[in-house]
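**Student:** Here are the chains, one letter per residue:
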Amino acid sequence: MEEIQSLMQGFGVALTLKNVALMFTGIILGVIIGVLPGLGGANGVAILLPLTFSMSQVPGGTTSAIILLSCIYWGALFGGAITSILFNIPGEPWSVATTFDGYPMAQQGRAGEALTAAFTSSFVGALVAVIVITFLSPLVASFALEFGPPEFFSVYLLTFCAFVGMSKEPPFKTLAMMMLGFALAAVGTDPVTGTLRLTFGSTHLLTGFDFLIAVIGLFGIGEILLTLEEGLAFKGASAKLNVKVVLETWKELPKYWLTSIRSSVVGCFMGIVPGGATPASFMSYGVARRFSKDGDKFGTGKVEGVVAPETAAHAAGTAALLPMLTLGVPGSPTAAVLLGGLLIWGLQPGPLLFVEQKDFVWGLIASMYLGNIVGLIVVLTCVPLFAAILRVPFSVIAPIIMVICAIGAYTVHNSMFDVWMMLVFGVLGYVFKKLQYPLAPLVLAIVLGDRAESSFRQSMLVSQGDMTVFFSNALVGSLTGLALFLLAWPLISLAIARLRQS
Amino acid sequence: MAGSGEGKAAFGVRTAEMFTAAGFFAIGAIVIFDSLRLGIGWQEDGPKAGYFPFYIGVIICFSSLVNLVAALAAARKKNPAFVEVGQLRLVLSVLVPTAVYVGLIGWTGIYVASALFVALFMRWLGKYVWWKVAAVSIGNSVVFFVIFEVWFKIPLPKGPLEALLRLN
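Chains as they are written, first to last, in my numbering: chain A, 786 to 1287; chain B, 7 to 174.
Only chain A is shown next, with the shape it has when bound in the complex:
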C-alpha cells in the first residue's frame, strides 16, 4: 500500500491554502471556458499556460501551476454539460451525447434534475478514473522505466494507430491529419542532426510550429466561426437548482449503478487508449441504450441517458492523464497541452517523473480528488451564474473571445507571426471540422512528432535499419502487433460487415 502513503503525502502538498484557492480559481475559470463557445479545455489551458511561466519559478510552483491548469480542465468538463442541457448547444464535443436526453428533460421543466444527474455522474466518472490512476500509474511507470527507444516508438505507434482504428471519422482523413501534424512538427531544426528542415529560408519557421498556436487557432477561432453559422442568438431553458431537487435526484441515481459502472469502464479504457472523451461518451450512451430496460425511450428525456455519457466523458477525460504522466503520451488534446506545460516548466513527462518528482506527481493526483469535489460544489451552487454568461449576446462575447485568443497566441513566444498563424489555423479548423477531418490526431502529432521521430531513429540506429527491431521481444512485438491490428481495424470491420451481408 505504498500508493496510499504517497497519496497522503500528495494531499499534504495539495492541501495548502494557496493550492486550494487555485483549485477554486481553476474550476470557476474552467466552467466559464467550458460554457463559452470557442473556448474549451484544450485552448483554454493553452491560452492560460503562459500565465504560469512565472508561477513555476518558485519552489513547489510547478505543482501549483499544474493544479491550476488541471482544475481548468475539470471545470471545462463540468461546464460542457450546462450548455448541452440548458441550451442544446454542446459547449464541448464530449457533451454532444448529453444533449440527447438532457435537453428534452430541460424542455419538460426537469432541468434541475438533469443538471444534478450530469454533475453527479461526472463526479463519479472522474473519481473512478482517479482511483485507477492512483493504483495503476505507479505500476505502468515502473514497468516503463525499462523501456528503450523501440518500446517507446511502439507506444507512440499504438497511440496513433488507435486513432485511425477507433475514430468515427474516415480513416484516411485521420491518417492525413496525423501525418500533417508530423510534417508540421518536423519544421525547424532536426532534433538529431541539427539540420534545418522545411524552413525554406524563413526565419519565422526556424523554431518550428508551436502546437499551442495550432490548438488556439483550430479549437478557438475555428469553433467561433462554426458557431457563427448557427446564427447569433442563444435560446435556452432557465436554470434553477435547489437543495430539494438535488437531494431527490441523488436518491434516484443509485438505481443506475450498473450504467455508472459500465460507463466508467468504457470511459477509463477510452481515455487510456487515446480514444478520448468524445467517442467514449457516444459509445457509453449507445451501450446504455442497448442494455437499459426502456432503451427505446432514450432521447425523450431519460435520466439514464444523461448519466451514461457524462460518466464516460469525465472518466475518459481524467484517465487521459494516466498515459501522459507515466509514458509521456497524452490521451487527449487537453492532456497534450498539459504535457506541453510540463515541458515548458522543465519537467520531463514519463516514467522518471514518478521517481524524480514524487511531490509533483502525487500532489497532482491528490489534487484530482480534491479538484473534482471542489468542482461538484461549485457547479451545483453556481449554475444560474454560469448560464447567465451564455445570455450575454454573441456580438459582445465573440470579439472578446477573439481578443483572448490573440493575446494567448502572442504570449506563447511574444511574436506577431504566431498571431497570424493562429488565424490561419482558425480557418483550417473551420474547414477541417466541416469536412470531418479530426483535429485531435493533428494536435497530438504536432506534440509528439519530434519524440516519435527521435525514438524511431534511435531504434533504427540500434538495429542498423532493420525494421524487425519492433518485433524483437514479446513486449515490443505485442505493442507493435496491437498497433497494426488497430490500424487495420477499419478494413477488418468492413470485411466483417461484407461477410454478414452475403
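Honestly, the hints are just simulated from the structure, not real lab data. Cβ coordinates follow ideal geometry from the N, Cα and C atoms, glycine included. Just to be clear, a hint being listed does not mean it is correct.
[Claimed, not checked] Pairs of lysine-lysine residues, derived as DSBU-like cross-links and limited to a Cα-Cα distance of at most 35 Å, are as follows: (1) K803/A with K1143/A; (2) K159/B with K1143/A; (3) K14/B with K1218/A; (4) K1029/A with K803/A; (5) K1040/A with K1078/A; (6) K133/B with K164/B; (7) K1078/A with K953/A; (8) K953/A with K133/B; (9) K1219/A with K1082/A; (10) K159/B with K138/B; (11) K1082/A with K953/A; (12) K133/B with K1218/A; (13) K803/A with K953/A; (14) K159/B with K803/A; (15) K159/B with K1219/A; (16) K1219/A with K953/A; (17) K1219/A with K14/B; (18) K133/B with K14/B; (19) K1078/A with K1029/A; (20) K1218/A with K953/A; (21) K138/B with K164/B; (22) K803/A with K164/B.
[Said to hold, decoys possible] Here are some chain A residues pointing at chain B (derived, C-beta under 10 Å): (23) G979; (24) L1010; (25) E1015; (26) F1179; (27) I1185.
With chain A fixed as given, assemble chain B onto it according to the hints.
**Tutor:** This is chain B only, laid out in the frame that chain A set:
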C-alpha cells in the same frame, strides 16, 4: 441581413473536399521535395535528416489521393452545401475584421486595437448604443491591461497611445 439566395450553397461539399485533398497533396509534395534535398538514406552516423519526413510526405500524398477519389466517387450522388451564402457572409463578416484587427495590433498595440475591434462588433452586429459600446470596449482593454501588464507582468504589444500615457 435579409436577401434572396441566403440558403443557396456558396459552394458544395464536393468542391471543398477536392480542394482540401489537393491542399494535403501539395503539402505532402513539399515535404517529399525537401526531404529528398536533405537526403532520405543513411550516412555513417545513422539515418539522414530527410529519412523520417520523407515517409510522412509519402503517406500524406497517398491518403490525400484516397480522399480525393472518395470525393469524386461521391459526385454522382447529391452534393450538399459546404457553406450557404448567408452563412459564408456571416463567417466572413467576422473573419475579415479579425484579420484587420491582427494587422492593426502591430500599429496601435493590442489594447487600442482590441477596443476598436470589440466596439466595431458591438456597433455593427449588435447595434448597441454608443455609451454601451464605449464602456464595454474600453473596459475590456483596461481589464486585460491590469491582468497582463500589472498582475502577471507579461508585456503585450503597445503603441503610440501607451507611449503618450507613459504606460510602457
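**Student:** So, for every hint listed, does it hold in this structure?
**Tutor:** Tested hints:
1. For the proposed pair K803/A and K1143/A, the alpha carbon gap of about 20 Å is at most 35 Å, so the pair holds.
2. Taking the CA atoms of K159/B and K1143/A, the gap is about 31 Å. The hint holds against a cut of 35 Å.
3. Distance restraint check for K14/B and K1218/A: the Cα-Cα separation of roughly 21 Å lies within the 35 Å cut-off, and the hinted pair is therefore satisfied.
4. A distance of roughly 33 Å separates the Cα atoms of K1029/A and K803/A; the hinted pair therefore holds under the 35 Å criterion.
5. Our distance criterion of 35 Å between C-alpha atoms is met by K1040/A and K1078/A, whose separation comes to about 12 Å.
6. With a C-alpha separation of about 29 Å, the suggested pair K133/B and K164/B falls inside the 35 Å cut-off, and the hint holds.
7. Taken as a hint, the K1078/A and K953/A pair is honoured in the structure, with Cα atoms around 27 Å apart against an allowance of 35 Å.
8. At most 35 Å may separate the alpha-carbon atoms for a hinted pair to count; K953/A and K133/B exceed this at roughly 42 Å.
9. For the suggested pair K1219/A and K1082/A, the alpha carbons sit about 31 Å apart, so the restraint of at most 35 Å is met.
10. This hinted pair checks out: K159/B and K138/B have alpha carbons roughly 29 Å apart, not beyond 35 Å.
11. The straight-line distance between the Cα atoms of K1082/A and K953/A is roughly 25 Å, inside the 35 Å bound, and the hint therefore holds.
12. At most 35 Å may separate the alpha-carbon atoms for a hinted pair to count; K133/B and K1218/A meet this at roughly 30 Å.
13. Only pairs whose Cα atoms come within 35 Å are accepted, and K803/A paired with K953/A is rejected, the gap being roughly 42 Å.
14. Restraint check for K159/B and K803/A: the C-alpha separation of about 20 Å stays at or below 35 Å, so the hint holds.
15. Between K159/B and K1219/A the CA atoms are separated by roughly 39 Å; this puts the pair beyond 35 Å, and the hint is violated.
16. Between K1219/A and K953/A, the direct Cα distance comes to roughly 14 Å. Compliance with the 35 Å bound is thereby established for this hinted pair.
17. Straight-line distance between C-alpha atoms of K1219/A and K14/B comes to about 17 Å, which keeps the hinted pair within the 35 Å bound.
18. Pair hint K133/B plus K14/B holds up; C-alpha atoms about 27 Å apart against a cutoff of 35 Å.
19. A hinted pair counts as satisfied when its Cα atoms are at most 35 Å apart, and K1078/A with K1029/A qualifies at roughly 27 Å.
20. This hinted pair checks out: K1218/A and K953/A have alpha carbons roughly 13 Å apart, not beyond 35 Å.
21. Between K138/B and K164/B the CA atoms are separated by roughly 25 Å; this keeps the pair inside 35 Å, and the hint holds.
22. Note on K803/A and K164/B: the hinted pairing holds, with a Cα-Cα distance of about 32 Å set against a maximum of 35 Å.
23. Look at G979/A: its Cβ gets to within about 9 Å of chain B, closer than 10 Å, so that hint holds up.
24. A least Cβ separation of about 5 Å between L1010/A and chain B falls short of the 10 Å threshold, and the interface hint therefore holds.
25. Satisfaction of the interface hint for E1015/A is found here, the shortest Cβ-Cβ separation to chain B being roughly 9 Å, below the 10 Å cut-off.
26. Interface restraint check for F1179/A: the shortest CB-CB distance to chain B comes to about 8 Å, inside 10 Å, so the restraint holds.
27. Among the interface hints, the one on I1185/A holds; its C-beta lies about 6 Å from the nearest C-beta in chain B, closer than the 10 Å criterion.
Hint check: violations occur at hints 8, 13 and 15; the rest are consistent with the structure.
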